[in-house]
Amino acid sequence: MHDFAFVFAGFAVGLIVGLTGVGGGSLMTPLLIFFFGVKPHLAIGTDLLFAAFTKMGGTVSLARQRIVPWRLVGTLSAGSIPAALVTLYVLHTLGPGNPAVQRAMTMTLGVALLLTAAATLYKAIRGKQILRGIPDAELAQATRPRHWSLPILFGALIGTLVTLTSVGAGAIGVTALMLLYPLLPLPRIVAADIAYAVPLTLVAGLGHASLGSVDWPLLAKLLLGSLPGIWLGSRLVQKTPDRVIRSLLSVLLAYAGVKLIAI
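Position in the sequence shown counted from 1, then plus 517, gives you our numbering.
Careful, some of the hints might be misleading.
Here are the in silico distance ranges between beta carbons for each label pair [to be verified]:
{"id": "1", "residue 1": "521", "residue 2": "599", "range": "36 to 42 angstroms"}
{"id": "2", "residue 1": "606", "residue 2": "525", "range": "34 to 40 angstroms"}
{"id": "3", "residue 1": "667", "residue 2": "734", "range": "40 to 46 angstroms"}
{"id": "4", "residue 1": "729", "residue 2": "778", "range": "25 to 31 angstroms"}
{"id": "5", "residue 1": "744", "residue 2": "580", "range": "14 to 20 angstroms"}
{"id": "6", "residue 1": "520", "residue 2": "723", "range": "21 to 27 angstroms"}
{"id": "7", "residue 1": "642", "residue 2": "778", "range": "23 to 29 angstroms"}
{"id": "8", "residue 1": "741", "residue 2": "578", "range": "17 to 23 angstroms"}
{"id": "9", "residue 1": "734", "residue 2": "700", "range": "41 to 47 angstroms"}
{"id": "10", "residue 1": "666", "residue 2": "768", "range": "34 to 40 angstroms"}
{"id": "11", "residue 1": "591", "residue 2": "520", "range": "35 to 41 angstroms"}
{"id": "12", "residue 1": "624", "residue 2": "740", "range": "25 to 31 angstroms"}
Note that these hints are calculated values from the structure, not bench results. Glycine included, each C-beta is placed from N, C-alpha and C at the ideal position.
Please work from the sequences and hints to get the whole structure.
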């Protein structure tokens, strides 16, 4: 019965991710901690590989549509991957099971969820005002940042946040990219966010696995449910009230964030 609950949780999170684009980490990690009683470091490590495998399929689909801005993905990865490795080194030195590290993880996760809630609400409010298309001739200009260091610094921040909490590469990443690249259409921003999250979550997840912070049987059960959930959500996305769903999600994430900070 417990195994079925994990599969159902994976399906539910996959469905919501497919419908809204909100990162699975902001939903799955608090669900594992609060509902199933999984220790924070195990929930975070398992969820990182959960995100890597689920977003890998999304990246292949987006690449076939030729909407992934690979130049932007490379720039973000130049900041996020080194930051993830440095964070993993610190976790390895201190030990993921250290009570102080556990407290830091839950506190950072709570703050990340509050930021995700704000970002989700922002997208719900501004969703209909965002650019949806751009001529190919203007793409190079649209992917040029105001300063070359900004996407690298942003990547480093997200890399650290994702490695510590498994949250950050979803709603926070999309919202920040909307501000950094105001001329880039939303589908390409989402594609960039999903594509650069794959190597980041894979590196961070494998790093956590080397620390013993991944529950492999749990990961298999979650993926068993999430893959059909994402498939279904991606096909229902045009038939759902996007703003209503995102607004409700922002309230739920804010509640989980406050509860984690209060622990």
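Against the structure, the hints come out as follows:
| no. | hint | in the structure |
| --- | --- | --- |
| 1 | 521 / 599: 36 to 42 angstroms | 40 angstroms, holds |
| 2 | 606 / 525: 34 to 40 angstroms | 36 angstroms, holds |
| 3 | 667 / 734: 40 to 46 angstroms | 41 angstroms, holds |
| 4 | 729 / 778: 25 to 31 angstroms | 26 angstroms, holds |
| 5 | 744 / 580: 14 to 20 angstroms | 18 angstroms, holds |
| 6 | 520 / 723: 21 to 27 angstroms | 25 angstroms, holds |
| 7 | 642 / 778: 23 to 29 angstroms | 24 angstroms, holds |
| 8 | 741 / 578: 17 to 23 angstroms | 20 angstroms, holds |
| 9 | 734 / 700: 41 to 47 angstroms | 46 angstroms, holds |
| 10 | 666 / 768: 34 to 40 angstroms | 35 angstroms, holds |
| 11 | 591 / 520: 35 to 41 angstroms | 40 angstroms, holds |
| 12 | 624 / 740: 25 to 31 angstroms | 28 angstroms, holds |
When each numbered hint is compared with the structure, no violation occurs for any of them.
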